[in-house]
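Got two chains here, each in a separate frame; can you build the complex from them with the hints?
The lines below spell out each chain.
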Amino acid sequence: MNHNRSQQALVHLSLLVSLLLTILPWPSTVQLFMPQWAAMVIAYWSLHDQNRSVMFLAFFYGLLLDILMGSLLGKHGMSLVALSFLVLKSAKQLRMTSFWQLMLMVLVLLFNDVIIRLFIDWVSFGYLPVWQDFLPLLTVILIWPWLHYLLNRINTHLKQH
Amino acid sequence: MDALSQQQKLTQSPLFRFILLQFICLALMVADKNSQITQPIRQGLSWLALPIIKVVEWPQHIYQTVETAVARQAKLIDENNELKQNLLELRLQAQRNTALSAENQRLRDMLNTAQDLPIKTSVAFVTDIAQTQKRQHIVINQGQTDGLFLGQPVLSLGGVVGQVDVLSDHFAHVIVITDPAHIIPAEILRTGLRTLAYGHGQDLQLKEVPISADIQAGDVLITSGFGGRFPRGLTIATLSDVNISAQRDFQVANATPEAALSQLTEVFLVWPDEVLP
Chain A
1 MNHNRSQQAL VHLSLLVSLL LTILPWPSTV QLFMPQWAAM VIAYWSLHDQ NRSVMFLAFF
61 YGLLLDILMG SLLGKHGMSL VALSFLVLKS AKQLRMTSFW QLMLMVLVLL FNDVIIRLFI
121 DWVSFGYLPV WQDFLPLLTV ILIWPWLHYL LNRINTHLKQ H
Chain B
162 MDALSQQQKL TQSPLFRFIL LQFICLALMV ADKNSQITQP IRQGLSWLAL PIIKVVEWPQ
222 HIYQTVETAV ARQAKLIDEN NELKQNLLEL RLQAQRNTAL SAENQRLRDM LNTAQDLPIK
282 TSVAFVTDIA QTQKRQHIVI NQGQTDGLFL GQPVLSLGGV VGQVDVLSDH FAHVIVITDP
342 AHIIPAEILR TGLRTLAYGH GQDLQLKEVP ISADIQAGDV LITSGFGGRF PRGLTIATLS
402 DVNISAQRDF QVANATPEAA LSQLTEVFLV WPDEVLP
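Sequence lines, in order, name chains A and B. No gaps in the numbering here: position 54 of the first sequence is 54 in the working numbering, and each next residue is one more. Counting the second sequence from 1 gives a position; the working numbering is that position plus 161.
Isolated chain B, as found in the complex (with noise of 0.2 Å):
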């Protein structure tokens, strides 16, 4: 009876509760760190975060109603113009394209090598750029009942975004190319050398130049498909200024990201192993 009352002292101890909690976190964090058996938790969980999302994202929803609503109708139309105009563009570029796939596709078949066909893509909607966190985040408004994994490659219009870092059921954290623990393996597009583009706050840095490689500023980098996350031939940033590190043993390139990552509304998910029949 006495050793009962005792342990019902205990459970009901504050320092007993702190003790557990404290060590549920910590194995949290361990298991959340180093495999992916916490997911079903944050799965869980984020159905309980939705609303919350919803809740700040609404605001926003009504603004860009409101907006249209308001915006004059002369507005519109010269919008409406300037997409068409874009439209026109884009369909001249898409049938020079068509040439240049027939081309690439006889050359591919005297060669013998795999064949490149186009990839399943998805668009996704950006709800908010998380600035809280030590990373750079955005958050996407898909999740994995979209079919969504982790370390899939995110792409804007312009160029890489990066890839989905934490994964919930309906909303996914996307890691961006710039923050400084994210490292994509790259390519210059003009002589084909390949390299690794560190994150670098703002911008990109390739830290690993040989001396003797030709690099210039205005390079364009595109992804190398190294490492088998990225598809290979993506825009990646163009190079900004080229220096020789402080140590003298390399040449070290900063390099601005093609694509606009701070004003972005809508992202491009990629399935690079599932191709389109």
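In isolation and in its complexed conformation, chain A is listed as follows (with noise of 0.2 Å):
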């Protein structure tokens, strides 16, 4: 029970610190380069997190991000419910899979992650992308293995105590 307390407090913090990094302002070099993050947190969720209910919270963080970026309400939230529901689906296998298969399998999931909230600007504001939209997946493969060894050390830590 106090395990679980914790733990939902760390997947809270997580998606807090996520949209922090989101809307953090870099200079528009770095910008171009910057990875999902409150993807990548759901992502890691979905994976782990045994109650089930990661989905709901996709939502509400997406809700949340679409208010701090002005974007249209629910693009966010579209997409990370769609990663939450896929990586969901396969958690069993992924949590099986190699280090190099469920990279594979996070940078796919992620490139739809970005082809939906594209395909929604295009429908919502006729914008046409470009290939710069996809450089973030570049980094993604950077930052994904420590995000996810970092997340694990801390929630095996919460575990034992």
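Per label pair, the in silico range of CB-to-CB distance:
hint, chain 1, residue 1, chain 2, residue 2, range
1, B, ARG267, A, LEU21, 58 to 66 Å
2, A, ASN152, B, GLU240, 48 to 56 Å
3, A, ASN152, B, SER406, 56 to 64 Å
4, B, PHE286, A, SER6, 37 to 45 Å
Some, not all, of what chain A presents toward chain B, calculated at C-beta under 7 Å:
hint, residue
5, PHE59
6, LEU63
7, ILE67
8, GLY70
9, LEU73
10, VAL81
The set of hints was computed from the structure by calculation and includes no laboratory data. For glycine and all other residues, C-beta sits at the position ideal for the given N, C-alpha and C.
Right, dumping it as structure tokens:
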């Protein structure tokens, strides 16, 4: 019970930090490579959280992200819920796979996340995608293993105490 | 009994939740795009978003405070002198303006036209330039509680900045005139030719100037007041070059915005319908 509660706190904390990282102002060259922090954290918790309410969390924090960024209400909600569902569905297999396979799957899912948001932009105000929109995926390759490792460490630490 | 457990299973299943949430998102997006009924949700959530924005602003504030504290006195004196100089010049201009506006008033009286009174304004500070969006937004630290409304004109000392695009309780996103989705009704100051200025990424573009029209590089572009969003006569941009379109049916001109859009720290909000007594 105690562990569950502290894990819940960690879930919320990590998501809040991911939102912060997303709206932090950076130079525009760095901004091009900004990974989808919130999406990565949601992917991690969909993979490892047992009590399966992650999809609602994804929805809620997605809406919050929309408010913060002034985008169409529900845009990030939709992409995060879709991501969460896809990871949840195959969570059991994904937890078993090797490091590289997991990485590949995460990349594919985050690519899908980018595509969903670009599609919504295209429908809502006729935005035409450019190749730079996919640069964040390169940073995801670098950051995902560390994020995964870090959250794993904190999570197991919480479990033991 | 069996039916009940079946039902419970259904609401517990991830697929059901997925479809439900996606449907809600879709409904929200359609509602947000086409009308303003999602505004209460936006306001409710903006209370939660406010602390996050404050946390992001905080280091910038600290930096500014420290910078002021550390700055050498000599530098401050220089700055003070410069500001005094500026103030003097502005006062001089204001004096000339009173004479001009009195003359203007007399002329208007003779012509029996509507009076052009000073309009209500307010100053807001830019908290963030939202580059993560596909749209060019700046975030300002005033919202609906300060009386802002959607589509409200936003200016800077240089010229027009844009208009309020997304409104929350305590902050607002302003769409910048150079955003490709933004169009502003404009007028060439020298000739009075009316046209539309399209956002073009880093600058503005006039796409629909007739071949015969007289425009040239260096012409100043002002708001025409058409559409009723922006008051008439605000500086927008200066034409940088004029060409003939590829189909040879129109003249195409690029214009550089007068407001330093990437270096804004404070902006002015205008209430065009509320005149001061």
